[in-house]
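**Q** Same order as they appear, the protein sequences are chains D and F. If you use our numbering, the first sequence corresponds to residues 17 to 359, in order. If you use our numbering, the second sequence corresponds to residues 17 to 359, in order.
Since the hints were derived computationally from the structure, they do not count as laboratory data. Be aware that a few hints might be false.
Each pair may be met inside one copy or between any two copies, as identical chains are not told apart.
[What the hints assert, rightly or not] In silico EDC-like cross-links for lysine to aspartate or glutamate, where the CA-CA straight-line distance does not exceed 20 Å:
#, residue 1, residue 2
1, K302, D254
2, K223, D355
3, K242, E270
4, K321, D201
5, K216, E198
2 protein chains.
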Amino acid sequence: MTVTNRQILLKSRPVGEPTEDNFKLVETPLPEPGPGQFRVRVIYMSLDPYMRGRMGAEKSYAASAELGQPMVGGGVGVVEVSNNEQFKPGDYVVCYSGWQSYCLSDGTGVMKLDPANAPISTGLGVLGMPGLTAYYGLLEIGKPQPGETVVVAAASGAVGSVVGQIARIKGCRAVGIAGSKEKCDFVTGELGFDACVNYKDPDFREKLAAACPNGIDVYFENVGGKVLEAVIPLFNDDARMPLCGLISQYNMTELPQGVNKLPALLRAILTHRLLIQGFIISYHFKHQPAFLKDAGGWIREGKLKYREDIVKGIENAPEAFIGLLQGRNFGKLLVQVSDDPTR
Amino acid sequence: MTVTNRQILLKSRPVGEPTEDNFKLVETPLPEPGPGQFRVRVIYMSLDPYMRGRMGAEKSYAASAELGQPMVGGGVGVVEVSNNEQFKPGDYVVCYSGWQSYCLSDGTGVMKLDPANAPISTGLGVLGMPGLTAYYGLLEIGKPQPGETVVVAAASGAVGSVVGQIARIKGCRAVGIAGSKEKCDFVTGELGFDACVNYKDPDFREKLAAACPNGIDVYFENVGGKVLEAVIPLFNDDARMPLCGLISQYNMTELPQGVNKLPALLRAILTHRLLIQGFIISYHFKHQPAFLKDAGGWIREGKLKYREDIVKGIENAPEAFIGLLQGRNFGKLLVQVSDDPTR
Numbered sequence: 017m018t019v020t021n022r023q024i025l026l027k028s029r030p031v032g033e034p035t036e037d038n039f040k041l042v043e044t045p046l047p048e049p050g051p052g053q054f055r056v057r058v059i060y061m062s063l064d065p066y067m068r069g070r071m072g073a074e075k076s077y078a079a080s081a082e083l084g085q086p087m088v089g090g091g092v093g094v095v096e097v098s099n100n101e102q103f104k105p106g107d108y109v110v111c112y113s114g115w116q117s118y119c120l121s122d123g124t125g126v127m128k129l130d131p132a133n134a135p136i137s138t139g140l141g142v143l144g145m146p147g148l149t150a151y152y153g154l155l156e157i158g159k160p161q162p163g164e165t166v167v168v169a170a171a172s173g174a175v176g177s178v179v180g181q182i183a184r185i186k187g188c189r190a191v192g193i194a195g196s197k198e199k200c201d202f203v204t205g206e207l208g209f210d211a212c213v214n215y216k217d218p219d220f221r222e223k224l225a226a227a228c229p230n231g232i233d234v235y236f237e238n239v240g241g242k243v244l245e246a247v248i249p250l251f252n253d254d255a256r257m258p259l260c261g262l263i264s265q266y267n268m269t270e271l272p273q274g275v276n277k278l279p280a281l282l283r284a285i286l287t288h289r290l291l292i293q294g295f296i297i298s299y300h301f302k303h304q305p306a307f308l309k310d311a312g313g314w315i316r317e318g319k320l321k322y323r324e325d326i327v328k329g330i331e332n333a334p335e336a337f338i339g340l341l342q343g344r345n346f347g348k349l350l351v352q353v354s355d356d357p358t359r
Numbered sequence: 017m018t019v020t021n022r023q024i025l026l027k028s029r030p031v032g033e034p035t036e037d038n039f040k041l042v043e044t045p046l047p048e049p050g051p052g053q054f055r056v057r058v059i060y061m062s063l064d065p066y067m068r069g070r071m072g073a074e075k076s077y078a079a080s081a082e083l084g085q086p087m088v089g090g091g092v093g094v095v096e097v098s099n100n101e102q103f104k105p106g107d108y109v110v111c112y113s114g115w116q117s118y119c120l121s122d123g124t125g126v127m128k129l130d131p132a133n134a135p136i137s138t139g140l141g142v143l144g145m146p147g148l149t150a151y152y153g154l155l156e157i158g159k160p161q162p163g164e165t166v167v168v169a170a171a172s173g174a175v176g177s178v179v180g181q182i183a184r185i186k187g188c189r190a191v192g193i194a195g196s197k198e199k200c201d202f203v204t205g206e207l208g209f210d211a212c213v214n215y216k217d218p219d220f221r222e223k224l225a226a227a228c229p230n231g232i233d234v235y236f237e238n239v240g241g242k243v244l245e246a247v248i249p250l251f252n253d254d255a256r257m258p259l260c261g262l263i264s265q266y267n268m269t270e271l272p273q274g275v276n277k278l279p280a281l282l283r284a285i286l287t288h289r290l291l292i293q294g295f296i297i298s299y300h301f302k303h304q305p306a307f308l309k310d311a312g313g314w315i316r317e318g319k320l321k322y323r324e325d326i327v328k329g330i331e332n333a334p335e336a337f338i339g340l341l342q343g344r345n346f347g348k349l350l351v352q353v354s355d356d357p358t359r
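Isolated chain D (complex conformation) (with noise of 0.2 Å):
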């Protein structure tokens, strides 16, 4: 059989939730690698709630994915066939792959790992964009301090799995929010939050204050919507609310009816002089040395525990995309596209 690149592309761009109709899975040529290029074999693709933005045509932070071209994201893979000095066959590389099971780089933006440090998965997740975002949005936006109560939903996911373990490495209070009795047990468990509540639960804002008896000091927001509306109510004075993903959101195709939350929000802004910043990854690459430093000690001190939900073969991304939006998924996200060596 000849071995060929599967790739998946934006077939259509999706009104509301995505479906299965939006993506086409083709099979195409191998990439040969020009000068200077290397071709990696992918292993592991990242799926994360943040593509949703690039199926869309609307400006968000970053460029929309083109229509008849591959899905964008973040791979885990190993160096084929280069021309590269810097890259020779047999590394083992994160790059922005694409969904695909091969692609062609010159170098730009690519990490080496190194399989005897940790799974060489983990650099999509825990030591990866997800885990960064953690560290950077909590520590230098949240400031927490020893006895504060930080909050995080999405807490058994790639990111607020590590917000809340950090905050506990930080001498916080760790409260979680997830979507399941399983989820809640996992982060408490396994995770070590303090406490973790089921935001599917019909008396989630009474659970939520009760886990917060001190209020809440940092809520670290990834999610929007009625999470956000059960934290304003518990804001302390002088609280911190970094904001990297809206997930909630997403598939919004139009503002909802209602009630207007808004300025409950504001009015929580001004009593408790709150600070909201909104910060992408993306402009932060800078702290990813010290982050890898401290997040390496921290896992081989057992102090940072991650868990990974792995889908194998890459024509089930679409579904794999779409659960996730929909909280589907226990851990981080990933799509295991051929052979992992190292395991």
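With chain D's structure known, arrange chain F on it following the hints.
**A** Relative to chain D, chain F alone:
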């Protein structure tokens, strides 16, 4: 006629808009200073939007006014009788007098004024708490850079007028928002803003967008409501929003029905890496010496102008305050309680 102390008491807490029934004018004996105290004859009383928060029982950023006690607030006056070495009869002072024609003080939080420097009434406006609010919020949170666009609402008011003029001094494009053509003409003609838009115009959103051809880098928020909603789509990347007040919300008894605008603000925070910081100026009085030095210089150089709206007679304070919350004043609103010997 025996001299008495005329006081305006908080008779009842308002539901929604305050009415004159919420206040009560009483005459009480002239207060006599005890050891270390002095008596001030109040000349000007300040009326400020934040006082609406003090009329309610709910927790705001400062304690509520007590029922049956004088309304709280700042005043400028002259020391009449003193048992305090630091304050002599004839000294002009700014103090937290409350709504009354005489007050006692032990000097805590009292600042002396030199009538030769500036009219004493400015100690409640352009050189007082509103001026410092504008100075601190714009420079320390807004951090305006030359060439950027700074937008401020209530632009003819005590805070907004200073925000826009400092923005001009710092080399920015200053765009005001006000509630009448007369106010807008004053803001551009007298205060020198680059543009001013009337929020009551039916095509307010379009006019604001046209006045900000390069988007908005700093929005100094003191209003909330429809003004903020018009600003949200115009934010540039890395925009800043200092928030010191929400005059449009103070009389709200419940959150407005309709479209929930919170998601739109959150999306702007995410995609433009927006910074929002609530602040209350009483926590930042250490900036007062630098402010007085800078603002005094700007006034002498003719770069910082101000307008006062002086209502005569303490009995007219409730009506004037109710009008303030509706935008009926034009300039810094003061009540003249007794003769000003310096004019």
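**Q** Now, for every hint given, state plainly whether the structure supports it.
**A** Verification of the supplied hints:
no.	hint	result
1	K302 with D254	between (27 Å within a copy, 18 Å between copies)
2	K223 with D355	neither (44 Å within a copy, 59 Å between copies)
3	K242 with E270	both (16 Å within a copy, 18 Å between copies)
4	K321 with D201	within (14 Å within a copy, 62 Å between copies)
5	K216 with E198	within (12 Å within a copy, 53 Å between copies)
Checked against the numbered hints listed earlier, the structure breaks hint 2 alone; every other hint is satisfied.
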